[in-house]
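Protein chains in written order, with this note's numbering: chain A, 156 to 257; chain B, 470 to 653.
Take the hints with a grain of salt, since some may be wrong.
So these bits of chain B aren't anywhere near chain A, every CB distance computed over 10 angstroms [stated by the list, open to error]: (1) D497; (2) K502; (3) A504; (4) K521; (5) T556; (6) E561; (7) P570; (8) K597; (9) A605.
Here are the simulated DSS-like cross-link-like pairs (lysine-lysine), alpha carbons at most 27 angstroms apart as the crow flies [unchecked claim]: (10) A:K243 <-> B:K582; (11) B:K597 <-> B:K574; (12) B:K565 <-> A:K182; (13) A:K243 <-> B:K533; (14) B:K565 <-> A:K243; (15) B:K597 <-> B:K491; (16) A:K243 <-> B:K491; (17) B:K597 <-> A:K182; (18) B:K565 <-> B:K597; (19) B:K502 <-> A:K243; (20) B:K530 <-> A:K182; (21) A:K243 <-> B:K551; (22) B:K582 <-> B:K565.
To be clear, the hints were calculated from the coordinates, so they are not data collected in a lab.
Computed from a predicted model, the values in this text were never measured in an experiment.
Even for Gly, the Cβ is constructed at its ideal location relative to N, Cα and C.
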Amino acid sequence: MDRLEEELSRCLRRESPSLDFTARVMKGVRARRRPVALWRRWALSSALAASLVTGVYIRHEAAERARAESAKSQLILSLQIASSKINKAREAVIRSAREDPL
Amino acid sequence: MKGAALIACLLACAPAFGQGAKLQLNLDHLAAKAAEVANVNLEGPMLEMGRKFLSRKDADKDVKALVDSLTGVYVRSFEFSKPGDYTQADVESIRKQLNAPGWTKFIDVQESKNGETTCVYSYLENGKMAGLAVLAAEPRELTVVNIVGPIDLSKLGQLQGQLGIPDLKLEMRPRSSKPATAKK
Numbered sequence: 156m157d158r159l160e161e162e163l164s165r166c167l168r169r170e171s172p173s174l175d176f177t178a179r180v181m182k183g184v185r186a187r188r189r190p191v192a193l194w195r196r197w198a199l200s201s202a203l204a205a206s207l208v209t210g211v212y213i214r215h216e217a218a219e220r221a222r223a224e225s226a227k228s229q230l231i232l233s234l235q236i237a238s239s240k241i242n243k244a245r246e247a248v249i250r251s252a253r254e255d256p257l
Numbered sequence: 470m471k472g473a474a475l476i477a478c479l480l481a482c483a484p485a486f487g488q489g490a491k492l493q494l495n496l497d498h499l500a501a502k503a504a505e506v507a508n509v510n511l512e513g514p515m516l517e518m519g520r521k522f523l524s525r526k527d528a529d530k531d532v533k534a535l536v537d538s539l540t541g542v543y544v545r546s547f548e549f550s551k552p553g554d555y556t557q558a559d560v561e562s563i564r565k566q567l568n569a570p571g572w573t574k575f576i577d578v579q580e581s582k583n584g585e586t587t588c589v590y591s592y593l594e595n596g597k598m599a600g601l602a603v604l605a606a607e608p609r610e611l612t613v614v615n616i617v618g619p620i621d622l623s624k625l626g627q628l629q630g631q632l633g634i635p636d637l638k639l640e641m642r643p644r645s646s647k648p649a650t651a652k653k
């Protein structure tokens, strides 16, 4: 019985890991980890860059369109004002000529 | 010494020469008193942008043809809630510029009955029309339109029914020394 106990105690005694244990574990972990393919990284970066450029372009186009619409409205407003005033003056001239032919 | 004096003289005269058909519309102080304000300043890239945008639709083609060679469009229109909110000095500041060489008044309407005055001027450069100005003063309204660049008045007349622009049927002779007048 003493011998059995002795055997068990020998087998279950606390033992410190070897000095290179951590290095070996990490090496194993690295070996298991699957590296991300380079093309995937490039694809992801390109997609992000493309969405960014597209977003900026769309925003720029929308702003340009708004400015152009505003410029067009102003142009038409100017022509409306000019023509209405000229028309009014013209009518007054015609009216005056009819009332006083000389 | 004489050269320096000549250069100084030329520099002093430069603004007057450079001004051309563009008027100095210093009427911004009236905006605070006005009930309604229309303020348009179109030149350079903004005018180009508006012009390009016009060409996208067929209905705008006639307007585009009209404004194709313009270099500037400026409007100041103020509608006041009561008479006397603008002074004669405001009108004179514009009229004085329109008395400068190059400008010809070809329509002059003065209606004493309602106190309305409308004058239409053209600016001639090398015998060709290079600008247009409309100065309309009513007791409760003051409008100045300044169009810089060659504008075809017959085309302006052809815009009837389009974009809310009325039929003008103008028979204008900008070179005539006597403006068409109507006084009542």
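Holds or violated: K243 (chain A) and K551 (chain B), Cα atoms, limit 27 angstroms.
Cα-Cα ~22 angstroms, so holds.
Report holds if the minimum CB distance from A605 (chain B) to chain A is greater than 10 angstroms, and violated otherwise.
Contrary to the label, A605 (chain B) does not stay out of reach of chain A, its closest Cβ about 5 angstroms off (not over 10 angstroms).
Just to be careful, I want the Cα atoms of K582 (chain B) and K565 (chain B) compared with a cutoff of 27 angstroms; is the pair within it?
Holds, because 25 angstroms separates the two Cα atoms, which is no more than 27 angstroms.
Would you mind confirming whether the straight-line C-alpha gap from K597 (chain B) to K491 (chain B) stays at or under 27 angstroms?
Status holds; Cα separation ~16 angstroms.
Does the alpha-carbon distance linking K597 (chain B) and K574 (chain B) stay inside the 27 angstroms limit?
holds (15 angstroms)
Is it true that the CA of K565 (chain B) sits at most 27 angstroms from the CA of K243 (chain A)?
holds (23 angstroms)
Assess, step by step, whether the Cα of K243 (chain A) is no farther than 27 angstroms from the Cα of K582 (chain B), and give holds or violated.
holds (15 angstroms)
Just to be careful, I want the Cα atoms of K565 (chain B) and K182 (chain A) compared with a cutoff of 27 angstroms; is the pair within it?
At roughly 91 angstroms apart (the allowed maximum being 27 angstroms), K182 (chain A) and K565 (chain B) break the hint.
Check the hint pairing K597 (chain B) with K182 (chain A) against an upper bound of 27 angstroms on the C-alpha distance.
Status violated; Cα separation ~88 angstroms.
If we take the beta carbon of A504 (chain B), is the closest beta carbon in chain A still more than 10 angstroms away?
holds (16 angstroms)
K521 (chain B) clear of chain A by more than 10 angstroms, beta carbon to beta carbon?
The assertion about K521 (chain B) is violated, with a minimum of 7 angstroms to chain A.
Does the structure keep K243 (chain A) and K533 (chain B) at a Cα separation of 27 angstroms or less?
Cα-Cα ~24 angstroms, so holds.
In this structure, the earlier hints numbered 4, 9, 12, 17, 20 are contradicted, and the remaining ones agree with it.
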